[in-house]
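Listed below are the residues making up each chain.
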Amino acid sequence: MAERPPEMADRLLVWYCSDHYAEELIGDLHEWYGFNRSRHGKTRADLMYWSDVIRLMTLYRFKTYSEFFQNSNDNNMIKNHMVIAWRHLTKKKEFALINLTGLTIGICTSLLLLIYAQYEFSYDKFHDEAASVYRVHQDRYNNGELATEWAAGASAIGPVLSDNMPEIKEYVKMNNITGVLSHGEKSFFETKGYFATPSFFGVFTVSVVNGSYEQFDEPFKIALSEKAANKYFGEEDAVGQVLTFNGRDNYDVVAVYQDIPDNSHFDIDVLFSFQTAISIMGEQFDTEWNWDGFYTYLELDEGTDPIAFEAKINGFIEDERGDLMRADNVWADYSLMALPDIHLNSNRMMEFEPNGNEQSVVFLVIIAGIILLIAWVNYINLATAKSLERAKEVGIRKVMGSQKNQLVIQFLSESFILNVLALLVAILLAYLLLPWFNEFTGRAIVFPFSSVFFWWFCLTVVLVGGILSGIYPSFVLSGFNPVSVLKGKLTGTSGGQLMRKSLVVFQFAASIILLICTYAIYSQISYMQNEQLGIDIDRTLVVRGPEIVDSTYLDRFNGFKDNLQKESSIQEIASSSSIPGERPEWNAGGIRLLDKPENETNQYRIIGMDEGYIDFYGLEILTGRKFSAANSGETGNVLLNESGARLMGFKNYEDALNKQILFWGDTFNIIGVAKDYHHESLKQSYDPYIFRYSPGFRANYSIRISSNDLRETIDMIEDEWNQSFAGNPYDYFFLDDFFNKQYESEVRFGNVVALFAIVAIIIACLGLFGLTLFTAMNRTREIGIRKVLGASVQRILLLLTRDFSTLIIIAAIIAVPAAWFILRAWLENFPYRIELSLWVFLVPVVLLILISLVSVGFHTLKAALQPPINSIKDE
Amino acid sequence: MRGTNLGEFEELVLLAVAALEKEAYGVSIGQLIEDEARRNVTISTIHNALYRLEKKGYLTSRFGGATDERGGRRKRYFQLTEEGKIALQESRELRERMWQLIPDTNG
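In order, the protein sequences belong to chains C and V. So for the first sequence, my numbering puts the first residue at 1; every next one is plus one. So for the second sequence, my numbering puts the first residue at 1001; every next one is plus one.
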């Protein structure tokens, strides 16, 4: 027959089809193919042939199990490999267990880490338009120097750009608003409330589940998340209901939207219609260039190049506002950040929530890889070390006619089996550990069984792991010369030794680096937490000030304060616009000394405070005086901190006294300069501050408690609160906790690195343990003979541990400089940081040497203490 | 009444086996049906039908000797069993009875 049907199809048929049917079928198929070929041509005939072969795949034509496995020698061998692999695993249980534990821990940890990393990278990708939405970032300059970097821009930027740039499909503008919402008896203090334009629902993929946002362009409309709606209305239908804001304005609930997913850079409970803000605060809510704090998102036309567009924006700003800004010696630059990049790349003023850091996520992915590598290295090491024991088996197999590649396949299948087993256990373990891991990382990750990434991970582990960890041992083993092996002449090759040693060095170097990093990160955190802040935040309870107030507020506050100060459990009380542990929201530009020209203005952070604040927190006054309630006209006075005074241009702080400053059209008199203190965490340098006098400032009440019975005191304050500020929720926290929250991300990062350092060490030590077990076993007779000839136990111990100690020391020599480079880069992020002293490096190295000596010691000691007669009498 | 439920295609295959007498094997059956019924069949359909009919007991099969044709691969020849003949007969009788029931349209 000249025309041959597709060969692959024939092979498929022969592979699956039982011999009872194959012959006649192929005969008939070929004949039929001849007809089809002459009738329909090659392509169609081939296609029909394939279709026939596939349609003939019915159950009864399949080979039976025994047909499959008895027919060819290859199949036979695979079965044999499995059996032998299994026997080896069960025969040497210790080794199998060490191998399996190491691999499992390694795979499990790296799986968890990668799940976490994938989650971090998944932020904001759920928005359908994620690829074409950008947030406008604003950098403000004073006198040519970068002053503030905003996540939220000026109020005019969104509307003006949208009017002038055809590339902008839509813009979303948002502005934070906090206050008390109430429905009947239920009131809650809402911090995650935002004014937003109706475009919010079109640009972001946040679906409305009840009601509609059609009316959202009118004032006094509100949209609630499902969570919030449930809080106020329970089972009732929220749409059509009314909520009261700060006891003043009524809002109609027009829509309920799906809770915003956790992997979003914002979490919003309540949306207020943007028109409300405009109707209350006027048009400048949409037109002001010097009013910052407006989140602006642009949805661009598809195919718009963000970089070119960014340049176009700045060009436009230059044309429109360049001269104006230059006259004041200020500047504002705008940049765009893609929506999905925000979570890991943006760390600016007024972020919705603290964002992640791409660097640390990448770092964790690298750690995940290293841990997986360490685990595989263990396998390689143990398998090669054990090769001596299996030399006889290899010899016999070779004599019986095994090809080298058959042997390679045999040992590869062993590593495959082990990797698959470890993977299964690791997945189960990771699944069980995920809730705990979530607590650890502060995320709410669901196990991604259905994600493509997860299956890729499994496939990669099995394939790469199986091949990577199996290939070297299998080539070593299959390379043995059968004659010398069977004569029993085999000794470890020096090449193999070197390989094994360098693998151990790699493992320990990685462990040491992780350990040093852990130690340094913890040192840095504890340094930041224990460093003098320059203020006293102990025993301080902070109560968020009331939002629902009327003209009697100041009297009520004074009554509240007086009543509390009469109590013996309360030491003092102060009110202020901002408390330590947060960045003051009040940031004001355009401030200058009265006698300076108009273009020499600067930005300062402002804290409004009553006369108690300075004493309460123990601020040190360097010159001048603090505020006093007794002075009339005190509201026209301000204090500066040192950085503020320097920015104002005073080298000598005394010179600042009684100078006038111009602050948004009013003049203020400087009455003193306070020493710089850490209002924010030590992750920030000192900022220039202006302290303004404002009795009974409504934002925060700081209360210092002298009683030890906290519960009772807190309840007592609540009673007073309810008397003075009925209808306002009582919301309090302890300032030291609040302050330390700023270090949360560092503490978390430290914990994660610590965890993985421990895992890496466990795996590396498991490997070491296995290797010593092996050496001790192999050298039993040598040890016996040495002891007979008079060697002491100490000498033997030294002999056995010398090799490993050398390796660890080499590892340390490699690891220390590497760790130094990594840490130096990490510490750059902190203006106040620890010195990288010798201890940072020495302590982890010594610790690791001790740990590894313990793991080596057990077997070594056992071998060294054994009476020689036991080992020599063998054979 | 096991086996009276002959499918249309199955009936065609059975008839082809009967017609071809000793020369009935997959390819010849397929060709006959193609020629007579003027429709395209695939060899897998024929084989699957043959297998079902053999299972139902209407056909038996035997291997022919090796020949020089088609690379020496043997053919499986099919033959009607008694049940097969009865089934065909019954099916034909059923059809004829049904025809009788149709009123004569011409008058």
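Hints are not guaranteed to be accurate.
Pairs of lysine-lysine, DSBU-like flavour, derived with a Cα cap of 35 angstroms [said to hold, decoys possible]:
id, chain 1, residue 1, chain 2, residue 2
1, V, Lys1056, C, Lys63
2, V, Lys1085, C, Lys42
3, V, Lys1085, C, Lys63
The set of hints was computed from the structure by calculation and includes no laboratory data.
Structure-based check of all given hints:
{"no.": "1", "hint": "V/Lys1056 <-> C/Lys63", "in the structure": "22 angstroms, holds"}
{"no.": "2", "hint": "V/Lys1085 <-> C/Lys42", "in the structure": "40 angstroms, violated"}
{"no.": "3", "hint": "V/Lys1085 <-> C/Lys63", "in the structure": "33 angstroms, holds"}
Checked against the numbered hints listed earlier, the structure breaks hint 2 alone; every other hint is satisfied.
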